[in-house]
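Add chain B to chain A, keeping to what the hints say.
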Amino acid sequence: LAKTTQPISMDSYEGQEVNITCSHNNIATNDYITWYQQFPSQGPRFIIQGYKTKVTNEVASLFIPADRKSSTLSLPRVSLSDTAVYYCLVGDKTNDYKLSFGAGTTVTVRA
Amino acid sequence: DVKVTQSSRYLVKRTGEKVFLECVQDMDHENMFWYRQDPGLGLRLIYFSYDVKMKEKGDIPEGYSVSREKKERFSLILESASTNQTSMYLCASSGAGALPREQYFGPGTRLTVT
Chain A
5 LAKTTQPISM DSYEGQEVNI TCSHNNIATN DYITWYQQFP SQGPRFIIQG YKTKVTNEVA
65 SLFIPADRKS STLSLPRVSL SDTAVYYCLV GDKTNDYKLS FGAGTTVTVR A
Chain B
14 DVKVTQSSRY LVKRTGEKVF LECVQDMDHE NMFWYRQDPG LGLRLIYFSY DVKMKEKGDI
74 PEGYSVSREK KERFSLILES ASTNQTSMYL CASSGAGALP REQYFGPGTR LTVT
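Same order as they appear, the protein sequences are chains A and B. The first sequence begins at 5 in this note's numbering and counts up one residue at a time. The second sequence begins at 14 in this note's numbering and counts up one residue at a time.
This is chain A alone, in the form it adopts within the complex (with noise of 0.2 Å):
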């Protein structure tokens, strides 16, 4: 599985963006790259995935550039109930059951 890194924690404030770059030197041909956010006392919770350029959905974009060895998850406009802890994850299909989420970015966003 490709490893993946992401920097430990982020503080932002309401009403910003916030960036979160994932970098994935050794991502695979056929490997997604996938988030997801948790909240405390929750698991987590899939909010976007994508394969190469950019994906949007309702919650967030996904940036992927062309060599796709590093991906960035922007959140437009955060609130307090933003402040989560975002994973990123890369694999495909067939090591779906492999998933590994490591420590993941802490984003704390404040009034």
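Worth flagging that the hints you see were computed from the coordinates, not collected in a lab. It cannot be assumed that every hint is accurate.
Straight-line Cα separation of at most 30 Å, DSBU-like style, residue types lysine-lysine; simulated pairs [to be verified]:
no.: 1; chain 1: B; residue 1: Lys31; chain 2: B; residue 2: Lys84
no.: 2; chain 1: B; residue 1: Lys70; chain 2: B; residue 2: Lys31
no.: 3; chain 1: B; residue 1: Lys68; chain 2: A; residue 2: Lys7
no.: 4; chain 1: B; residue 1: Lys16; chain 2: B; residue 2: Lys84
no.: 5; chain 1: A; residue 1: Lys58; chain 2: A; residue 2: Lys73
no.: 6; chain 1: B; residue 1: Lys70; chain 2: A; residue 2: Lys7
Same frame as chain A, now just chain B:
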């Protein structure tokens, strides 16, 4: 909405006890998973099951067993609980046709072994 429920939010057991953690999903998902989450270590996969009566070891299966007699239910068993099994236990499920890696998690069971 997919719903994954776990039998208890909090559980306190004594060393040496046999512990059962139950997980039920209501979306007819083929795959079910058990993880434990510890500070600084992230989530680690204990066991998963891709069909009824089928199971595969994850990264840290020692001290645990699982049972899947029905598609919707996946049980984690601690044969003889020890203090190093104090942790948050998370169950998840996913469908065979789902996007890669889109798992749905339950709320977790915080187990304390004294």
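The hints, checked one at a time:
no.: 1; hint: B/Lys31 - B/Lys84; in the structure: 23 Å, holds
no.: 2; hint: B/Lys70 - B/Lys31; in the structure: 20 Å, holds
no.: 3; hint: B/Lys68 - A/Lys7; in the structure: 25 Å, holds
no.: 4; hint: B/Lys16 - B/Lys84; in the structure: 14 Å, holds
no.: 5; hint: A/Lys58 - A/Lys73; in the structure: 14 Å, holds
no.: 6; hint: B/Lys70 - A/Lys7; in the structure: 20 Å, holds
Against the hints set out earlier in the document, no violation occurs for any number.
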